Every structure is written in C-alpha cells, then in structure tokens.
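2 protein chains.
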Amino acid sequence: MTGQVRTVDGRVAGRRGQATRQKLLDCLGEMLSSSPYRDVKVIDVARKAGTSPATFYQYFPDVEGAVLEIAEEMAKEGAGLTELVSGRSWVGKAGWQTSEELVEGFLDFWRKHDAILRVVDLGAAEGDKRFYKIRMKILNSVTNSLTDAVKELQSKGKVDKEVNPAAMAGSLVAMLASVAGHQKGFQTWGVKQAELKPNLALLVHLGITGKKPTR
Amino acid sequence: MTGQVRTVDGRVAGRRGQATRQKLLDCLGEMLSSSPYRDVKVIDVARKAGTSPATFYQYFPDVEGAVLEIAEEMAKEGAGLTELVSGRSWVGKAGWQTSEELVEGFLDFWRKHDAILRVVDLGAAEGDKRFYKIRMKILNSVTNSLTDAVKELQSKGKVDKEVNPAAMAGSLVAMLASVAGHQKGFQTWGVKQAELKPNLALLVHLGITGKKPTR
DNA sequence: ACTTGTCCTGTCATGCCGTCAGCTTACCGA
DNA sequence: TCGGTAAGCTGACGGCATGACAGGACAAGT
Numbered sequence: 017m018t019g020q021v022r023t024v025d026g027r028v029a030g031r032r033g034q035a036t037r038q039k040l041l042d043c044l045g046e047m048l049s050s051s052p053y054r055d056v057k058v059i060d061v062a063r064k065a066g067t068s069p070a071t072f073y074q075y076f077p078d079v080e081g082a083v084l085e086i087a088e089e090m091a092k093e094g095a096g097l098t099e100l101v102s103g104r105s106w107v108g109k110a111g112w113q114t115s116e117e118l119v120e121g122f123l124d125f126w127r128k129h130d131a132i133l134r135v136v137d138l139g140a141a142e143g144d145k146r147f148y149k150i151r152m153k154i155l156n157s158v159t160n161s162l163t164d165a166v167k168e169l170q171s172k173g174k175v176d177k178e179v180n181p182a183a184m185a186g187s188l189v190a191m192l193a194s195v196a197g198h199q200k201g202f203q204t205w206g207v208k209q210a211e212l213k214p215n216l217a218l219l220v221h222l223g224i225t226g227k228k229p230t231r
Numbered sequence: 017m018t019g020q021v022r023t024v025d026g027r028v029a030g031r032r033g034q035a036t037r038q039k040l041l042d043c044l045g046e047m048l049s050s051s052p053y054r055d056v057k058v059i060d061v062a063r064k065a066g067t068s069p070a071t072f073y074q075y076f077p078d079v080e081g082a083v084l085e086i087a088e089e090m091a092k093e094g095a096g097l098t099e100l101v102s103g104r105s106w107v108g109k110a111g112w113q114t115s116e117e118l119v120e121g122f123l124d125f126w127r128k129h130d131a132i133l134r135v136v137d138l139g140a141a142e143g144d145k146r147f148y149k150i151r152m153k154i155l156n157s158v159t160n161s162l163t164d165a166v167k168e169l170q171s172k173g174k175v176d177k178e179v180n181p182a183a184m185a186g187s188l189v190a191m192l193a194s195v196a197g198h199q200k201g202f203q204t205w206g207v208k209q210a211e212l213k214p215n216l217a218l219l220v221h222l223g224i225t226g227k228k229p230t231r
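Residue numbers (our numbering), protein chains in the order written: chain A, 17 to 231; chain B, 17 to 231.
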C-alpha cells in the first residue's frame, strides 16, 4: 500500500515522470468530456499531451487503466459527500433542509465529474469489478449514512419495519445518480433544474422518513 | 418514413439481404452482452455471423449505427410498458398493486435488454441526440402515464400543488432504470431482489400519491 | 440458357494498437 | 568536472481494424 507511483515496467516515477503522467490523465479527462468514450484513442490523448503513444503505455496498461486512475482520484473527493448526510437531522424543518442539501450537493458533484462518472457507470453495469468497486466507494459514503439514518428512525418506531434500510438508501442514491447523469435530458423534457430539485428532495424525504416534509 | 430496409449505398435489401442483416444485428446483440461496448469490433461481429466485415459495412455505417437499429426495435417493444400504468388505480390496495406491477414489469424489461440499454444510456448521457431520442421513446411511455396519474390526483386535491408531475414521474422512472441497470450491484451489496422490489414499489407509491400504501 | 439485379467477399490503402530497442536527459557520488 | 546509473522518451515495426471498391456468386424471371 505504498504511495509510490510506478511505471508499467516497474520503474519508480520521478518528478518529471509524474508530471507527464498527470498531464496524460488531465488530457484524457478532457477528451472524455468532449468525445464519446468509444472513440477516445490513445494516440489522441498522447498528441493532446504533446507526447507519444509509447509514453502513454509506459504509465498505463490501456485507456481503461488510465480511466480507473482518474476515477480513483475522484472517489477520494467523493468521500466528502458523507458530510451531506451524517449527523444531520431528519425531523421537522431541519429534515427538509437535509434533503435539499443532499440533493444539491449530489447533483453538483455529479455535474462536476459527469464525463468520468458516465464511464464508471458503464463499466459497473457491464460487470467490471474494478469499476464497480469505485462506484461503490463513491456511493457508499452517502448510502451508508442514509442507511444508518433509516435504521435509527426505525429503532425509534418512526419508520415501518418493512422498510429495508439498505435497499431504500440504495434506491434513492441510484435515483440521484441517474437523474444527475441525465440532467440535460430533463431540460429537453421541459422540466427545469429549479423544479427538479425540490421534487427530488421530496422523494428523498419521503423515502427516508416515510412522511411529507414540513417546509 | 417507408419501412423499406436499405443498404448503405442505397440499394433495397431483398429477402436474403434482410436475413443477413438481421443475423448481424443478433450477433451484435450477443456480443454486447458478453463483452464491453468499447471492445466490440466489427470483425468479431462479422465472424460470429459467418460473414465478412465488408458485408457488415454494407448494411450499417458503423457499430454505433447498428446499435441504434437494435435499440429502435427494442423501443417498439418498450412502448408496451404503458400498459403497466395507464388506466390503473392509485387508490387503496389497488394502488399498491399498481406500484408493485410497475416495478416488476419495468425491472423485467430492463433485465431482458440490459446490454443494449446500457449503451443507449451511455449514448444519451454523452449527449448523442439519436440515443437520447430512443431513451425518451422508451421511458416516455411510462413517464407520460405517470405524469398523467399525478396530474389527475392533483386535480382531485389528493396531491400537493407544489409537486411538478413531470419532474416527479421522470425522477421515479430514472430511479427504476438505474436500479434495474445495477441489479447485480445491489446483490453484492447484500440486498436481495425480493427485498428490493417492495422498497421500490413503496417509493413509487409515495412519489405518486404522497401517501403510504395500504397493503 | 440468358439476363438482371441483389448479395457477398477478396483485396487494398490507411490508420491505430501495443511493444521494443535504443537514444536523451537528469541526478548523484567521487 | 566527470562518468555512472536510472529515469524518461520516441522511432519504428508487426499486427489488426476500418472502410471502400470492383468483381464474382447467386436467385428469379423469361
């Protein structure tokens, strides 16, 4: 578990190498935002980074491998999403605020990383465990917190026993992720951002507490 | 808008041609189920279909083009999903049943076509209008019906005015689609199919009617 | 058998993939 | 200052996918 960055052939990367590596990752990230995943070629990334394909292969086994690196970085940042849920109240007006802020924070995060998250989502759906793990890592931070919230409410008798906390939390998080990924879609649909968020927050509140929020 | 099947170079396809074309589509569908989208190559599809790459290019501009064909076919079948919602009651026990059957039907459909739906989802998320349109076509059948249901309940004063029917319906459908796409994921999570469905149904019921169901 | 139009494939130029040997650059100790 | 050593980069190459074309195989009607 060393933080050592290594090349494919086992060398330790120095300052210069790390810079090149990072530049390649940055360029790959940009490419993913601007062109379909399927059409992202190693040679294009290398060109954009002002280097050669051979250099790319020195640091990553293939495009997928590099994507995983970017995703891993993002996952670290995603751990901060826990803040949106843990230690917050789900009662009364505070509960409604929690819902709103969760939705807001989640959508922001997704919008910020949408290109890479699309690919992670695809990989996970295709059954690739590495991508699946990363998706977990990001979503778990929120899902676990939500699961705990439901469990606690359940123990107080405020939520039906029939509710499965993990399933409920997972479903809500999946909803947020999916809606976030298709935000543009909703716009074409005639639903505006501003209208979407309260409805999502409402659903979250309903799902967690089983009750309508007091605004 | 003729139903005429044409080759890339404008000829009309005859019986034999259509058969080959269909075989290519079938094989492509299988390939998508078994290997990552990014790695599906024309040559593999052609080999699997017992023909040559050149033949493939006679009927489709590229892999993406062929995928669109499959998706279009699926979209037609997807129109039948309307049945799961339209004309159903959302009151009392019948309401709960409606929710359950919607979830059940939706998950089934998604599981049946998961490989191709993954790709459609990706294309739509990447902003490709052609894929987006197809995704709409499938989801609209359900979303519109749900939107109507909410509107009707609203007009009867049974649902808050603040709810935006389209946003609510869209969010719920997005949730169903996303959960369906990651069903395997939930399993690894420790949530079983059987537990997942009732929770989804509960969320749907809560979202549409704003009330807990009577079971 | 002959004609016609559909259908398939051999072949080719082009371009990307992934690897290697070998060159250049940076660092370090003597 | 001067090698020595390891890091860093690239040109070049065999291999494979792409996409275009022209010509041959095939089915159906006459």
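If you are wondering where the hints come from, they were derived from the structure by calculation, not from laboratory data. Mixed in with the good hints there might be a few duds.
Since the list gives no way to pick one copy over another, a pair counts as held whenever it fits inside one copy or between any two copies.
Listed next, the in silico SDA-like pairs over lysine to any residue satisfying Cα-Cα at most 25 Å (straight line) [said to hold, decoys possible]: (1) Lys-109 to Gly-143; (2) Lys-145 to Glu-178; (3) Lys-200 to Gln-38; (4) Lys-149 to Arg-31; (5) Lys-227 to Asp-164; (6) Lys-109 to Lys-149; (7) Lys-174 to Gly-206; (8) Lys-57 to Val-79; (9) Lys-174 to Thr-67; (10) Lys-213 to Ser-171; (11) Lys-149 to Arg-22; (12) Lys-149 to Glu-211; (13) Lys-167 to Lys-227; (14) Lys-167 to Gln-199; (15) Lys-57 to Asp-144; (16) Lys-145 to Gly-201; (17) Lys-213 to Gly-173; (18) Lys-128 to Ser-49; (19) Lys-228 to Ala-110; (20) Lys-167 to Gly-201; (21) Lys-57 to Gln-209; (22) Lys-39 to Gln-74; (23) Lys-57 to Asp-78; (24) Lys-177 to Gly-201; (25) Lys-57 to Thr-230; (26) Lys-167 to Met-90; (27) Lys-172 to Pro-229.
Only a predicted model underlies this, so the values are computations on that prediction, with no experimental measurement involved.
Evaluation of the provided hints:
1. Lys-109 to Gly-143: Neither: 41 Å inside a copy, 37 Å across copies.
2. Lys-145 to Glu-178: neither (31 Å within a copy, 41 Å between copies)
3. Lys-200 to Gln-38: neither (30 Å within a copy, 33 Å between copies)
4. Lys-149 to Arg-31: Result: close neither inside a copy nor across copies, 29 Å intra and 47 Å inter.
5. Lys-227 to Asp-164: both (17 Å within a copy, 23 Å between copies)
6. Lys-109 to Lys-149: So Lys-109 and Lys-149 fail the 25 Å test inside a copy (35 Å) and across (39 Å) alike.
7. Lys-174 to Gly-206: between (37 Å within a copy, 24 Å between copies)
8. Lys-57 to Val-79: both (8 Å within a copy, 16 Å between copies)
9. Lys-174 to Thr-67: neither (60 Å within a copy, 63 Å between copies)
10. Lys-213 to Ser-171: between (29 Å within a copy, 22 Å between copies)
11. Lys-149 to Arg-22: within (22 Å within a copy, 44 Å between copies)
12. Lys-149 to Glu-211: between (33 Å within a copy, 22 Å between copies)
13. Lys-167 to Lys-227: For Lys-167 and Lys-227, the Cα distance is within 25 Å both inside one copy (15 Å) and across copies (21 Å).
14. Lys-167 to Gln-199: between (31 Å within a copy, 22 Å between copies)
15. Lys-57 to Asp-144: both (20 Å within a copy, 19 Å between copies)
16. Lys-145 to Gly-201: between (28 Å within a copy, 10 Å between copies)
17. Lys-213 to Gly-173: So Lys-213 and Gly-173 pass the 25 Å test across copies only (22 Å; inside, 29 Å).
18. Lys-128 to Ser-49: within (11 Å within a copy, 30 Å between copies)
19. Lys-228 to Ala-110: both (13 Å within a copy, 22 Å between copies)
20. Lys-167 to Gly-201: Between copies only: 21 Å across, 34 Å inside.
21. Lys-57 to Gln-209: neither (34 Å within a copy, 38 Å between copies)
22. Lys-39 to Gln-74: So Lys-39 and Gln-74 pass the 25 Å test inside one copy only (13 Å; across, 41 Å).
23. Lys-57 to Asp-78: both (10 Å within a copy, 17 Å between copies)
24. Lys-177 to Gly-201: between (36 Å within a copy, 24 Å between copies)
25. Lys-57 to Thr-230: neither (51 Å within a copy, 55 Å between copies)
26. Lys-167 to Met-90: neither (29 Å within a copy, 40 Å between copies)
27. Lys-172 to Pro-229: both (18 Å within a copy, 21 Å between copies)
The earlier numbered hints that this structure contradicts are 1, 2, 3, 4, 6, 9, 21, 25, 26.
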